[in-house]
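**Q** Construct all of the structure, not just a fragment, from the sequences and the given hints.
Residues per chain, in single letters:
There are 4 protein chains.
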Amino acid sequence: MIKFAQFGAGFIGKIHGANIAKHPKSELAYIYDVYPAAAEQLAAQLGAKIAASPQEIWDSDVDAVLIASSTNTHADLLRGALKAGKPIYCEKPIDLDIERVKVVAQEAQKSDVPILVGFSRRFDPNHVGIREALQSGELGKLEMMHITARDPKPPAIAYIKVSGGQYRDQTIHFFDMLRWLAGEDPVEVYATGTALVDPAIGEAGDVDTSMLILKFASGAMCHINCSRRTGYGYDERVELFGSKGMAVSHRKPRGEVSLYKGESVVSDGMYPGWFERMEPTFYRALDAFIRAVEGEEIAYPNLMDGLKAQLIAEAAIESLHTNQPVKITYWQPEYDSPISKEYLP
Amino acid sequence: MIKFAQFGAGFIGKIHGANIAKHPKSELAYIYDVYPAAAEQLAAQLGAKIAASPQEIWDSDVDAVLIASSTNTHADLLRGALKAGKPIYCEKPIDLDIERVKVVAQEAQKSDVPILVGFSRRFDPNHVGIREALQSGELGKLEMMHITARDPKPPAIAYIKVSGGQYRDQTIHFFDMLRWLAGEDPVEVYATGTALVDPAIGEAGDVDTSMLILKFASGAMCHINCSRRTGYGYDERVELFGSKGMAVSHRKPRGEVSLYKGESVVSDGMYPGWFERMEPTFYRALDAFIRAVEGEEIAYPNLMDGLKAQLIAEAAIESLHTNQPVKITYWQPEYDSPISKEYLP
Amino acid sequence: MIKFAQFGAGFIGKIHGANIAKHPKSELAYIYDVYPAAAEQLAAQLGAKIAASPQEIWDSDVDAVLIASSTNTHADLLRGALKAGKPIYCEKPIDLDIERVKVVAQEAQKSDVPILVGFSRRFDPNHVGIREALQSGELGKLEMMHITARDPKPPAIAYIKVSGGQYRDQTIHFFDMLRWLAGEDPVEVYATGTALVDPAIGEAGDVDTSMLILKFASGAMCHINCSRRTGYGYDERVELFGSKGMAVSHRKPRGEVSLYKGESVVSDGMYPGWFERMEPTFYRALDAFIRAVEGEEIAYPNLMDGLKAQLIAEAAIESLHTNQPVKITYWQPEYDSPISKEYLP
Amino acid sequence: MIKFAQFGAGFIGKIHGANIAKHPKSELAYIYDVYPAAAEQLAAQLGAKIAASPQEIWDSDVDAVLIASSTNTHADLLRGALKAGKPIYCEKPIDLDIERVKVVAQEAQKSDVPILVGFSRRFDPNHVGIREALQSGELGKLEMMHITARDPKPPAIAYIKVSGGQYRDQTIHFFDMLRWLAGEDPVEVYATGTALVDPAIGEAGDVDTSMLILKFASGAMCHINCSRRTGYGYDERVELFGSKGMAVSHRKPRGEVSLYKGESVVSDGMYPGWFERMEPTFYRALDAFIRAVEGEEIAYPNLMDGLKAQLIAEAAIESLHTNQPVKITYWQPEYDSPISKEYLP
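Chains as they are written, first to last, in numbering that gives the first Met the number 0: chain A, 0 to 344; chain B, 0 to 344; chain C, 0 to 344; chain D, 0 to 344.
Read the hints as simulated data drawn from the structure, not as lab findings. Treat the hints loosely; a few may be bogus.
Said to hold, decoys possible - Here are some of the chain C residues that sit facing chain D, going by a computed Cβ distance under 8 Å: (1) Q54; (2) E55; (3) G230; (4) K260; (5) G261; (6) V265; (7) S266.
Computed from a predicted structure; not experimentally measured. Just so it is clear, CB atoms sit at the ideal spot from N, CA and C, and this is done for glycine as well.
**A** Right, dumping it as structure tokens:
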């Protein structure tokens, strides 16, 4: 039984907490939130205790921590947990300031506890399915990848302003996904985007509609298109085109009902939001983390994966501003935890 | 070059005539229609001559005849062509009076000219596809067959009254299809139906909405459902369920456009009518006939197939009226033309 | 908080127990099983107590009971719970002996506690979707219904022998479903079936492959086809054909991955079994029951629904044996609980 | 009856010739080909005469010409036909040398005969369907367009060398399509590509696998991906993403057969080549041309459309070589034929 302490009792914290309580191999011992009322409510519901401070958690006998607090607290909590030697499940992103991420990565290399960064889409069975088709050799060599990533509605302007922008906040999931799918780091990115959804997003210095092309050293290319708003729910779709065939992880419909009437067939559309579509991936990510904590040699998105996705985002932002293709510069600590070598679900 | 004479210049006659003109191995020499104006118009368009009487055609040097005149003329024209030794492509049904069909079949056995009866659905590539899946052994042994056969709109009541009823007119295509797909004759039929679409159809002594179950000696079963009216265009669909798998010839959509909007996906619906859906099968049926006339050993729906489909229809009508399962009685002349042994497309 | 006692700790009991524990408005207080070891294991896992006998449960303060024990115990437990005034969630069927079912129904009419019979498919969102399309008037008047119900693998012969046969065991779900979808009781049934899957099933006096046609007083018809074995996983599909359009609850695929290669597109197939496909319906059925226990006027499959489905099965069995259409005889106690009037999810 | 003369009796010439013969409003009077044997064979088949020289055609009484000869002859034939005042259906491209195209365009402005350039995809019903969805306002304002354009097999290296390269030869169809769909000219293009399919294509100075992003002045963006080889047949797919919804012209499958077996559903894949997929568009394009010749105010791809598509290709090639986004420079003669103002099918 793995005893967890969890930081954060907001929307995503409630999901993680319930999963920890549900998983047969874990229990939720402590919750910490800067808003004690939120922590208390979730703790009562899940039978956990309240921690008065992070320090109380570092000093406790918990076996692992789950960081689901606001982004600006991640780096300090990661460093605290590393110091305390607690395995870490940390929501993405690590920090909006790439330099702070590097500092954390530098410290993480001295440790060998598992650190899972919350790129939960790696645990979606459809995405896993096309990855396996590529890895099995059935598709031949990867030549083109297409990722569609569109949210139904933009977040509040207030959030946009502190989010780091579309690439650090939304596209970052797919910067991770393309590395995981290709099994290779991209070397160059060309990004173009604009604010078509809401001029206020443009005034806030951000874009809401983007197209990107990334190149791999192998010659393979990846196109990503991102929008902050569709007229038809959540839209995520990935296509791997190889020398021998193509695998598609389709838009997932909400249901399987069709109405035949007049000249048309009307079928169930998309899920209303990313959460309804991706909800099952959180449990699977937690399960992978628990198995890693138990010592199983299982691959998962780790701290270096989190850092690399952010480095790609930085290059994409530079490209967006200069309208030029930008080489992606990776940064490597002497980080060498054995679990960082592979990134399989 | 095979020289054709054609009887009938109505809707279906125009299709056949154009196909004869288009096929590189055939030409249309004569057209005969009881309405000379219709014959003249089509003849002018296709560069054919008018025949003043059927006799003129029997006496001519044409290599084959295509009978697309009204049903009540089929039997006499078939007998005339048989006497003249001309290969025959005859639209279905042979005759509404099963006894007249038997007389024709009796005479046909003395002849060895190819007689193709117009069950053109045997030439639809999708239906051929599922038949091949069954014949290849991929589906194992056939256990259940499902046929959906629904027209967008009922014909005029005047036509209903002379059509022979839903089973002799509409379902008959599928009585042929199930034999062709199963490679086996059904032995019993239970039919139930009513007039839900239009009470006038009921008053005319017919039904417009039917469900049937047919049994084969092998133990396999076939369900057919028929309607004279859908709210969504022409609907034909066939499913073969075997011991190892299932093959489906799907409803064929009119196009491949989808509109994602709000909570739904709206896609192109069905074809407006059976003709738009099945039009390409007529050319393929003609091609098969031409190859048979040229001596190729090719399978096609022949006179015995036409007779058998009508015998099944008679049994189904008896079942409809008695609400009892009815054994199907087949009738066999000493008919033994070599081409009658197989019914492959 | 509704306190449950549960009878049965087998496969389906584990599902129900976990759902009771998971639902925010219920808790599992007692478990009873004739095999104490099974009860103990489940009780330990879910934090429940062991009941030494049903009587201990009747005497306890539990608010409701869930009967998931073997079929032959259902009738007695139902009568015990009715006597004790406990609301009842009972797995189907009520009893294989229709006379015993009538006795239970007779007693149930004196009570007004909610009794939910476990026809959980009524809670599947796709089936609910097509029912709403019909009830909204969008399809016009129902004319034809098609139900495909095929399990991947037959149960053990030992189970077949005590199951009551294909219609009482497998098809019964769909005898309920067709009433629920049509909003009308069928009046006649014609059933035909045979043992194509396994001769041992035939030797046990049962069939494994069946086709049925049921008629409603309105003139609408329903076709059901059932198999105990597919070569491709679990296959359930329902189609409602109305005077204005058609609604389809499609075969639900396991995932959304497609592989384009050579001449084919290979996509994710069906779920491996009914449970993987239908698992979420159990929680929804429990939720409906809890809401009914709390006094909400919510419709659900009740004891009369359970009885009627079994009466249809009896008529179908008679038809199977006589190869004749059989009128369905309904039996009515003076049962008149308010919740029996509607059967909405 | 419109009398045609046709230049070219090769693969595409045979298609055009047969369509002219088939269309009820046209007849094929003359064929000219530099290989007299080819011209003779086609002329015999279609009942046309052989022209000894283009001049014979200019001097004849034909009402229109169809230019389906090799690319390097197009410009001269266009100029000849313009001089003779004959309406022109000309296969794309106009000429590989953009300066020669400008000269033709300059001369064309003095004339007012219809000139249709063979971008036949504008006549595909699926593509027309999504264009109508956009034009009707149902999609709102266009924000993103995605075009997938992949051939099953690369042409021979010998052809690659004279083709003008992937963008002038293959992608050019889609440079036209995006203008036609968007109703707006793109202003900038970023193109990246490489030879992944066959190193010999790279050695010939060309690419075979490309991704492009084009921007419109409205802020909308278009992604194109092109490959010279798939492992699964011909793949063309277009998606219009607007502020209110999305319309998709799907990959069109070859048929509608599905085989359910084991864990998969195997369905009919793509057409083997672009021609099998696009064949019906040629007749529709001819029909549009005939209607224009008859004076109907119908829109079609004209000479300026042909020129613009080539100017986009030139910019894309510059971008490919410099790895920089390139502004597209349009060139405008005083060309002002009324039919050039719109480009509707």
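**Q** None of the hints should be skipped; say for each whether it holds.
**A** A quick look at each hint next to the structure:
Using the Cβ-Cβ criterion of 8 Å, the hint placing Q54/C at the interface with chain D is not satisfied: the shortest such distance is roughly 48 Å. Annotation: E55/C was flagged as interfacial toward chain D, and the flag is violated, the nearest CB pair being 47 Å apart, outside 8 Å. Because the closest C-beta pair between G230/C and chain D is about 6 Å apart, less than 8 Å, the hint holds. Interface hint at K260/C: satisfied, since its Cβ lies 5 Å from the closest Cβ of chain D, which is below the 8 Å cut-off.
Taking 8 Å as the C-beta cut-off, the interface hint given for G261/C holds, the closest approach to chain D being about 6 Å. Given the 8 Å rule on beta carbons, the hint for V265/C holds: about 5 Å separates it from the nearest Cβ of chain D. For S266/C, the shortest C-beta to C-beta distance to chain D is roughly 5 Å, which falls under 8 Å, so the interface hint holds.
When held up to the earlier numbered hints, the structure conflicts with 1, 2 and fits the remainder.
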